[in-house]
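Chemist: Chain by chain, the residues run as shown.
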Amino acid sequence: MSQAIDTIHGAVDHHPHDSQVAHHFENAEQQFESAKLGMWVFLVTEILFFSGLFCVYAVYRSLHPEVFLYAHQWLDKGLGAINTIVLIVSSFTMAWAVRNAQLGQKKALMINLTLTLLCAATFMGIKAEEYSQKYEHGTTWGASFQPHPDAFGEVHGGEIKKEDMPRNTQIFFSIYFALTGLHGFHVLVGMGLILWLLIRAAKGQFGPQYFTPVDIVGLYWHLVDLIWIFLFPLLYLIH
Amino acid sequence: MTSIPMPEEGELATKPALDETNYLKAGYGLKSWLLTQDHKRIAIMYMIGIGIAFLLGGLFALAVRLELWTPTKTIVEAETYNKLFTLHGAIMTFLVLVPSIPAIIGNFVLPMMLGAKDVAFPKLNLLSFYLWLLGAIGFVVVLFAGDLDTGWTFYAPYSIRTQTAVALAATGAFILGFSSILTGLNFMVTIHKMRAKGMGWFRMPLLLWGLYATSVIQIVATPVIGITVGMLFLEKLFHIGFFDPNLGGDPVLFEHFFWFYSHPVVYVMILPAMGVISEIITAMSRRHIFGYRFIAFSSIAIALFGFLVWGHHMFVSGQSSLMSTIFSLLTFSVSIPSAIKVFNWLATMYKGSISLAPPMLYAMGFLFLFGIGGLTGLFLGTLSTDVHLHDTYFIVAHFHYTMMGSALIGLIGGLFFYWPKIFGKMYSNLLGTISFVLVFLGFNLTFIPQFLMGSMGMPRRYYNYPPEFQAYHQWSTVGSFVLALGLFTALWCFLHSLFWGEKAPDNPWGAVTLDWKTSSPPHHHNFDVVPPVTDPYDMDDVYWDEESKSFISRSQQAALEELAANASGTQEKNS
Chain R
1 MSQAIDTIHG
11 AVDHHPHDSQ
21 VAHHFENAEQ
31 QFESAKLGMW
41 VFLVTEILFF
51 SGLFCVYAVY
61 RSLHPEVFLY
71 AHQWLDKGLG
81 AINTIVLIVS
91 SFTMAWAVRN
101 AQLGQKKALM
111 INLTLTLLCA
121 ATFMGIKAEE
131 YSQKYEHGTT
141 WGASFQPHPD
151 AFGEVHGGEI
161 KKEDMPRNTQ
171 IFFSIYFALT
181 GLHGFHVLVG
191 MGLILWLLIR
201 AAKGQFGPQY
211 FTPVDIVGLY
221 WHLVDLIWIF
231 LFPLLYLIH
Chain H
1 MTSIPMPEEG
11 ELATKPALDE
21 TNYLKAGYGL
31 KSWLLTQDHK
41 RIAIMYMIGI
51 GIAFLLGGLF
61 ALAVRLELWT
71 PTKTIVEAET
81 YNKLFTLHGA
91 IMTFLVLVPS
101 IPAIIGNFVL
111 PMMLGAKDVA
121 FPKLNLLSFY
131 LWLLGAIGFV
141 VVLFAGDLDT
151 GWTFYAPYSI
161 RTQTAVALAA
171 TGAFILGFSS
181 ILTGLNFMVT
191 IHKMRAKGMG
201 WFRMPLLLWG
211 LYATSVIQIV
221 ATPVIGITVG
231 MLFLEKLFHI
241 GFFDPNLGGD
251 PVLFEHFFWF
261 YSHPVVYVMI
271 LPAMGVISEI
281 ITAMSRRHIF
291 GYRFIAFSSI
301 AIALFGFLVW
311 GHHMFVSGQS
321 SLMSTIFSLL
331 TFSVSIPSAI
341 KVFNWLATMY
351 KGSISLAPPM
361 LYAMGFLFLF
371 GIGGLTGLFL
381 GTLSTDVHLH
391 DTYFIVAHFH
401 YTMMGSALIG
411 LIGGLFFYWP
421 KIFGKMYSNL
431 LGTISFVLVF
441 LGFNLTFIPQ
451 FLMGSMGMPR
461 RYYNYPPEFQ
471 AYHQWSTVGS
481 FVLALGLFTA
491 LWCFLHSLFW
501 GEKAPDNPWG
511 AVTLDWKTSS
521 PPHHHNFDVV
531 PPVTDPYDMD
541 DVYWDEESKS
551 FISRSQQAAL
561 EELAANASGT
571 QEKNS
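Chains R and H, in that order, give the protein sequences. Sequential numbering from 1 applies to the first sequence in the working numbering. Sequential numbering from 1 applies to the second sequence in the working numbering.
Only chain R is shown next, with the shape it has when bound in the complex:
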């Protein structure tokens, strides 16, 4: 039997490989499908990761609806809306970038990746502005929640009265910072990934034969956008 193995050893195992296909895959298609399924499964874990915080949100909102109604007035709906639009635009440019990669349009791919990156940076810039407002007003999380006198009165077109403030208002800001902070961290990771794609795109590594990284980073980016689309109404638009 071992002789039989020797005879056929070369014939069977050493089939030529595409340079982009790792040795343990049969072909490029299997490799692409594995990577894509892997990313989808990873996105499931991401959704469950966020769902813990969404669950905290649901529990405390049902226990203390008055806290959410009162505290959300400190959030700037205008900035939130701009950020929502920015992220939706970035999802569009990302989806376009995937198409560019599939068609081998190097220049368009680089432009769309750059635009996505710029949108992400704009989002983070606006987020930083919002965070610094909260810091100045002392409307921060948990034990550090000490609203400054300036925080009351005319805020974002409405009026916030100090004497109306319900107990445990800090819970809202704990949830706000935990959710937006975790989301912001995901945006930063996404920016790193898009930058990495941009460098590889500049080297001309993507084309109709191989665009897996663009595709799966795109999936990740859409999820990050999608989570924000839930965060915006849940935190900013409360009636």
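Since the hints were derived computationally from the structure, they do not count as laboratory data. Beta carbons: idealized from backbone N, C-alpha and C, even for Gly. One or more hints might be untrue.
[Stated by the list, open to error] Computed list of lysine to any residue pairs in SDA-like fashion (alpha-carbon distance at most 25 Å, straight line):
1) H:LYS197 with R:LYS134
2) H:LYS197 with R:ASN27
3) R:LYS36 with H:LEU498
4) H:LYS123 with R:ILE199
5) H:LYS236 with R:SER132
6) H:LYS236 with R:THR140
7) R:LYS36 with H:TRP201
8) H:LYS236 with R:HIS183
9) H:LYS123 with R:GLY192
10) H:LYS425 with H:LEU498
11) R:LYS36 with H:PHE238
12) R:LYS36 with H:ARG195
13) H:LYS123 with R:THR212
14) H:LYS123 with R:ASN27
15) H:LYS123 with H:PHE423
16) R:LYS162 with H:HIS239
17) H:LYS236 with R:GLN146
18) R:LYS107 with R:HIS183
19) H:LYS123 with R:GLY80
20) H:LYS123 with R:LEU53
21) H:LYS236 with R:HIS186
22) R:LYS134 with H:PHE238
23) R:LYS134 with H:LEU247
24) H:LYS236 with R:GLU46
25) H:LYS236 with R:HIS137
26) H:LYS123 with R:HIS186
[To be verified] Taking CB as the label site, the calculated pair distances span:
27) R:CYS55 with H:PHE399: 23 to 33 Å
28) R:GLN205 with H:ARG286: 50 to 60 Å
29) R:VAL59 with H:LEU127: 51 to 61 Å
30) R:GLN205 with H:ALA558: 56 to 66 Å
31) R:GLN205 with H:VAL252: 46 to 56 Å
32) R:GLU26 with H:TYR28: 47 to 57 Å
Please build the complex by placing chain H on the supplied structure of chain R, with the hints as guidance.
Modeler: Just chain H, lined up with the frame of chain R:
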């Protein structure tokens, strides 16, 4: 000229001493191990790492048992005692039980059972190992720098107030969770996309069904503990107040989050062990598995039911009695798929030609101990009895029967089963048998007294106790040392085999799954030629060959002969 491509000259010149037909010799030196992407070598690194963690966790257990020898102080102070049982629990759950079978046995055999060269993402697999190592180092730092006294459950609000290293331990648990998620993800994608030609879902060995169900739990439940310990971390560092009543938070919410993960995770520990038991019992009984589909689907059922029962850990935490009733009912539903498995294994053994080699002894020990562990769970799932048994030694004994007596016995049985394949060496059956007898007797001696004193009201985690419990505690302590002796005998049996064991045949047990249809130890790429896929339990496929002292697969032999005939045919035509 022949049509067979020869290895290029350069290739031969650069790798002269390497042997591709034996993965242990396919590379030499520390670097070839530490940076390997070979699933088999990663499995061995896990084996060493988890073995060391197991030793550490076991020593803590022995220290706890020694302290309980007398009703008052025996060897350590109360604070130290709290730290000892906390570290025992945390190390055994997070570092040993959760990764054990998937990371060691799963990593080694999963690609081979599928007829694949490796898992889908070998680099990710190596990353999982290093994340595990990082988490393990985190726990060692906790041990030496800050200590931990919350119990492995990190219950709020105590975990928020204690001055011990909760934040660091939470970070460690978070990293370990990531390692577990990545392993699950890797296995799931591999099972979906890398099956050999002809291997449908119902031709997969049952261990793969077990590992697939495990992956589902790892992927769905582990992120939740990730965010939970993340919130605990923020609680410690920034006082965000989700779980702190002083800041309007709810400590019971922490318990819900914690058990939403930590209940399903007990099935991460037990399901792969059940898979291993299915493999051992069929091969060692020389019988086709009884009720293949029932065993396969019961794995999935256990994984799914496992998500719906977490509230049974919280019957006395003040949750509504309606919720407790529903959780209690759902808890009983888990016993259905578990019982299906046990009865199918017994039916497989019925009229089989049972060989009492060490793997089978451990598998039968598993059946016995899992039976006790499962049946005592019914008392804890029943509301009226649980109120009395909650937080007593009864529950300690119950979960040790399922976790140690079942999951870890399954791991040891699996190691005895796959050892010849992993290292290509046989071990002494006598030593293996002695280890089993000591482990089995020691285990029961340790935990049966705990059932008794628990039912009489001895609470868990107490440093001192009334003198009437002393006899039970002393029997339990004696048992724990017998158990330790048994485990060291098993270790000695393995080490002895590495140095002085006889060479193992390719298929010593007559198993039919693909992992046994390659050399022992396997090729670097697992197979020279992927064997044809057959029914994984068709015992007629293999026969005993006296000459090679091994079982030989008829289907594989036929396929190889056909290939050889074709190859020589082409050769003749070309020359």
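Chemist: All hints, please: hold or fail.
Modeler: We went through each hint and held it up to the structure:
For the hint pairing LYS197 (chain H) with LYS134 (chain R), the CA-to-CA distance comes to about 59 Å; that exceeds 25 Å, so the pair is violated. Straight-line distance between C-alpha atoms of LYS197 (chain H) and ASN27 (chain R) comes to about 14 Å, which keeps the hinted pair within the 25 Å bound. Straight-line distance between C-alpha atoms of LYS36 (chain R) and LEU498 (chain H) comes to about 41 Å, which puts the hinted pair past the 25 Å bound. Straight-line distance between C-alpha atoms of LYS123 (chain H) and ILE199 (chain R) comes to about 22 Å, which keeps the hinted pair within the 25 Å bound.
About 23 Å separates the Cα atoms of LYS236 (chain H) and SER132 (chain R), which keeps this hinted pair within 25 Å; it holds. Only pairs whose Cα atoms come within 25 Å are accepted, and LYS236 (chain H) paired with THR140 (chain R) is accepted, the gap being roughly 16 Å. About 20 Å separates the Cα atoms of LYS36 (chain R) and TRP201 (chain H), which keeps this hinted pair within 25 Å; it holds. A threshold of 25 Å between alpha carbons decides the hint, and for LYS236 (chain H) with HIS183 (chain R) the separation of about 21 Å falls inside it, so the pair holds.
With a CA separation close to 20 Å, the supplied pair LYS123 (chain H) and GLY192 (chain R) stays within the 25 Å bound. Taken as a hint, the LYS425 (chain H) and LEU498 (chain H) pair is honoured in the structure, with Cα atoms around 7 Å apart against an allowance of 25 Å. For the proposed pair LYS36 (chain R) and PHE238 (chain H), the alpha carbon gap of about 38 Å is over 25 Å, so the pair is violated. About 17 Å separates the Cα atoms of LYS36 (chain R) and ARG195 (chain H), which keeps this hinted pair within 25 Å; it holds.
A C-alpha spacing of about 16 Å is found between LYS123 (chain H) and THR212 (chain R), which places the hinted pair at or below 25 Å, so the restraint holds. Under the criterion of a C-alpha separation no larger than 25 Å, the hint pairing LYS123 (chain H) with ASN27 (chain R) is consistent with the structure, at around 18 Å. A distance of roughly 23 Å separates the Cα atoms of LYS123 (chain H) and PHE423 (chain H); the hinted pair therefore holds under the 25 Å criterion. Of the supplied pair hints, the one linking LYS162 (chain R) and HIS239 (chain H) holds, its CA atoms being roughly 23 Å apart against a limit of 25 Å.
Taken as a hint, the LYS236 (chain H) and GLN146 (chain R) pair is honoured in the structure, with Cα atoms around 19 Å apart against an allowance of 25 Å. Annotation: proposed proximity of LYS107 (chain R) to HIS183 (chain R) is violated, straight-line Cα distance about 30 Å (limit 25 Å). Simply put, LYS123 (chain H) and GLY80 (chain R) have alpha-carbon atoms about 39 Å apart, too far for the 25 Å limit, and the pair is violated. This hinted pair does not check out: LYS123 (chain H) and LEU53 (chain R) have alpha carbons roughly 31 Å apart, beyond 25 Å.
Of the pairs offered as hints, the one joining LYS236 (chain H) and HIS186 (chain R) holds, with about 22 Å between alpha carbons and a cut-off of 25 Å not exceeded. Note on LYS134 (chain R) and PHE238 (chain H): the hinted pairing holds, with a Cα-Cα distance of about 16 Å set against a maximum of 25 Å. A hinted pair counts as satisfied when its Cα atoms are at most 25 Å apart, and LYS134 (chain R) with LEU247 (chain H) qualifies at roughly 19 Å. For the hint linking LYS236 (chain H) to GLU46 (chain R), the alpha-carbon distance of about 23 Å falls within 25 Å, and the restraint holds.
Straight-line distance between C-alpha atoms of LYS236 (chain H) and HIS137 (chain R) comes to about 24 Å, which keeps the hinted pair within the 25 Å bound. Note on LYS123 (chain H) and HIS186 (chain R): the hinted pairing holds, with a Cα-Cα distance of about 22 Å set against a maximum of 25 Å. A beta carbon spacing of about 26 Å between CYS55 (chain R) and PHE399 (chain H) agrees with the range 23 to 33 Å that was offered as a hint. The supplied range of 50 to 60 Å is met by GLN205 (chain R) and ARG286 (chain H), whose beta-carbon atoms lie about 54 Å from each other.
A hinted range of 51 to 61 Å is violated for the C-beta pair VAL59 (chain R) and LEU127 (chain H), which are about 34 Å apart. For the pair GLN205 (chain R) and ALA558 (chain H), the beta carbons lie near 45 Å from each other, so the given range of 56 to 66 Å is not met. For the pair GLN205 (chain R) and VAL252 (chain H), the supplied restraint of 46 to 56 Å holds, since their beta-carbon distance comes to about 52 Å. Checking the proposed 47 to 57 Å range against GLU26 (chain R) and TYR28 (chain H) shows it is violated: the Cβ atoms sit about 29 Å from each other.
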